[in-house]
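There are 2 protein chains.
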Amino acid sequence: MLRDLIVENDSKIIFLVLDGVGGIRAPGFPQTALEAARTPNLDRMASESACGRSVPVSAGVTPGSGPAHFALFGYDPLDPANDAGRGVVEVTGAGFDLLDDDVAIRGNFATMSKEGILTDRRAGRIPHEEGVRICRKLSEAIREIDGVQVIIMPVREYRFGIVLRGEGLSPEIDETDPQLTGMKPLFPAARVKAAERTSRIIAKLVKMIDETLSGEEKANTALMRGISRKPSIEPFFDRYRLRGAAVAAYPLYRGVARLCGMDLFDTGFSPAEEFETVRSIYGGDRHFFFIHIKKTDSYGEDGNIEGKIKVIEEVDARIPALLDLEPDVLVVTGDHSTPCAMKSHSWHPVPFMIRSRNCGRDASARFCESECDRGSHGIFPAKSIMEMVLANSGRLKKFGA
Amino acid sequence: MLRDLIVENDSKIIFLVLDGVGGIRAPGFPQTALEAARTPNLDRMASESACGRSVPVSAGVTPGSGPAHFALFGYDPLDPANDAGRGVVEVTGAGFDLLDDDVAIRGNFATMSKEGILTDRRAGRIPHEEGVRICRKLSEAIREIDGVQVIIMPVREYRFGIVLRGEGLSPEIDETDPQLTGMKPLFPAARVKAAERTSRIIAKLVKMIDETLSGEEKANTALMRGISRKPSIEPFFDRYRLRGAAVAAYPLYRGVARLCGMDLFDTGFSPAEEFETVRSIYGGDRHFFFIHIKKTDSYGEDGNIEGKIKVIEEVDARIPALLDLEPDVLVVTGDHSTPCAMKSHSWHPVPFMIRSRNCGRDASARFCESECDRGSHGIFPAKSIMEMVLANSGRLKKFGA
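Here the protein sequences line up with chains A and B, keeping their order. Here my numbering is used: the first residue of the first sequence is 1, the next is one more, and so on. Here my numbering is used: the first residue of the second sequence is 1, the next is one more, and so on.
The shape of chain A in the complex, shown without the other chains (with noise of 0.2 Å):
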């Protein structure tokens, strides 16, 4: 239905997704960080927006970061379609283009005792130069393995990407983290008779690393994870007629954005620098601007208040900047919520605001949980903000006469 009714035209969005940036009120935490936060830009865009609280995925399910974004992106996370394995999103998100029968796998470089047990999974949380160079090294080691082409990416610090090409490969094989210290590694076990090849040239890979990390102190082998294919998500200009840019930092997000056809563009972490990122592309052709502010979110999985608070109060220091480039829609919302009070995702409604000229502006007087309690939007699925992004800048017709 939607399809029909899209038209194009050249007006630009912002999309601004604090991570995380939902809390609740509960013992210890009479305010959540955006009641309790300075905000008075954020502030005025409420009282100049329409107001609501989205529903990530389902009422009481608490969504990783991945089905969050898609929600977000109008792709609906509960349909397999659109269901990407974490090896697709992290190389992806490096900046990698997956063909259709690539196998993308996530890696950890992790440490090893001489008897084969693992001692650190994450390898001592090497810093990113090292595990660029160790990249480097397994990259000029290991460049095929019976017939498959082997590409390895870094990623951040201990995380890399593994890319299997060639034919007859498989997915569906079993991770090799065993999630604790003191085990071995698990064996690369295919889940089908198909992906019986596939399981022996991943054990080789794992054989291969080894021997070429051999000599490392702490970076000496590597878990296979999220060993996936891409999905067949429908690109992001074919479904909504816009031209996506995505402002991220984290590989993440970089990912999904990238799996919906968004253009990727390097940028700094703080508020500071991705808002001066947006500015620098901003215009031309594209029309739909995303970014990404990853610190709300980790604030909250640490509990700590204060810092999701500054870092609220530094996004809102930042809108004027935002406001400047006088996009046509802007929308501020979070992926999911993360309560202090709960130092992890929750299932919880998502404050969620929109400015545009008709965006009809209601009663809502701060952008926070129990404003947008009072929005016009009330609670709704997330995966239906893109139709409200669409209708905001004049691209939906009418439906019927």
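Hints are not guaranteed to be accurate.
Sample of chain B residues facing chain A (criterion: CB under 7 Å; computed from the structure) [unchecked claim]:
| hint | residue |
| --- | --- |
| 1 | Met1 |
| 2 | Arg25 |
| 3 | Pro27 |
| 4 | Phe29 |
| 5 | Asn358 |
| 6 | Arg361 |
| 7 | Asp362 |
| 8 | Gly378 |
| 9 | Leu390 |
| 10 | Ala391 |
| 11 | Gly394 |
| 12 | Leu396 |
| 13 | Gly400 |
By construction, these hints were calculated from the structure, which means they are not laboratory data. Each residue gets a CB set at the ideal place from its N, CA and C atoms; glycine is no exception.
Using the hints provided, position chain B relative to the given structure of chain A.
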């Protein structure tokens, strides 16, 4: 999806249902019963809860008590698999565990003239003890018809239950209740060819009942209603990994709870007695305690707002007794609305609140329609309540990475 996310734990859930508790403001009714009632304990609980209003079946649809309760327990009331006939519900509520092939009938004792014309479809609402006596008399006289076992049991007052047990039975039989006095009872006609034998057996049964009761002054015949077979409802424990206990005085609610696999407990009718029953069975390996309060609905049906207010205040006064049990999750809601202004069930959304450590307190300051409209749950389908119960009790893992 949900099933893959469920983990077991030992947290306790109290699920308090005030039947038909919702109301509407209407001419002559400037406040609903919940708005008019003095409810300091429910109000304090609201300020510590996440609130909202649930839609039992679908917008604008007025539910019966059966579908409304199935929705509360998370079973889609529009799925035919969850469609339990009234015979099945009454017999099950009377404590009888049906086999898959049994046919259950809800019987009404009635009064018939010598000419076979119905003069009272409820046999003058004979007292419960009379119903028990007459059922005993029937049970002694009628044990088998054409090789099919006949089990007769009292339910309440003029209502009783019949189970036919044997091979080749079918529930595809018309009811014999003409719904009006001054008419003869209808023939229990077969709707399909495979039901013809059952039709003959039920016709014989009616004849035997009439003969056995010929000397009775009031209950001298019986109407056959809700002829049905047990639906294949997935048990509560299989579905949620929750062991459920039902504290309900009325057969229908006991029946629905039992069909969902909950254990039934005998209890008095008053909130005080029901809460005391909960206290007496609380703990151990049970997780979910369903309490059903009937009188809010009865007074709503009578249009008696003073009566409805009084029951609500009586429940309110006993809320501390539930809180003393320190449940991890406490839900207070209704199955549907029964506005005094309408003297009937209605389609209006039902006040809902859920209290747990991590519920996310919202701005709702009272437990009533207008304040629940301000809650963080919004207006939502009743069948999603169980997902929220699972989330709040820590029983749902994260979805996706």
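For each hint, the structure was consulted:
1. Met1: This hint holds: B/Met1 lies near chain A, its Cβ roughly 6 Å from the closest one there, short of 7 Å.
2. Arg25: This interface hint is violated because 20 Å lies over the 7 Å limit.
3. Pro27: violated (28 Å)
4. Phe29: Check failed: Cβ of B/Phe29 comes no nearer than 26 Å to chain A, outside 7 Å.
5. Asn358: holds (6 Å)
6. Arg361: holds (4 Å)
7. Asp362: With a closest approach of 6 Å, the B/Asp362 hint holds.
8. Gly378: holds (3 Å)
9. Leu390: holds (6 Å)
10. Ala391: Hint holds; B/Ala391 Cβ to chain A Cβ min 3 Å, cut 7 Å.
11. Gly394: It is violated, given that the least Cβ distance between B/Gly394 and chain A is near 10 Å, above 7 Å.
12. Leu396: holds (6 Å)
13. Gly400: Holds - the Cβ of B/Gly400 comes within 7 Å of chain A, reaching about 4 Å at its closest.
Violated hints for the displayed structure, listed by number in ascending order: 2, 3, 4 and 11.
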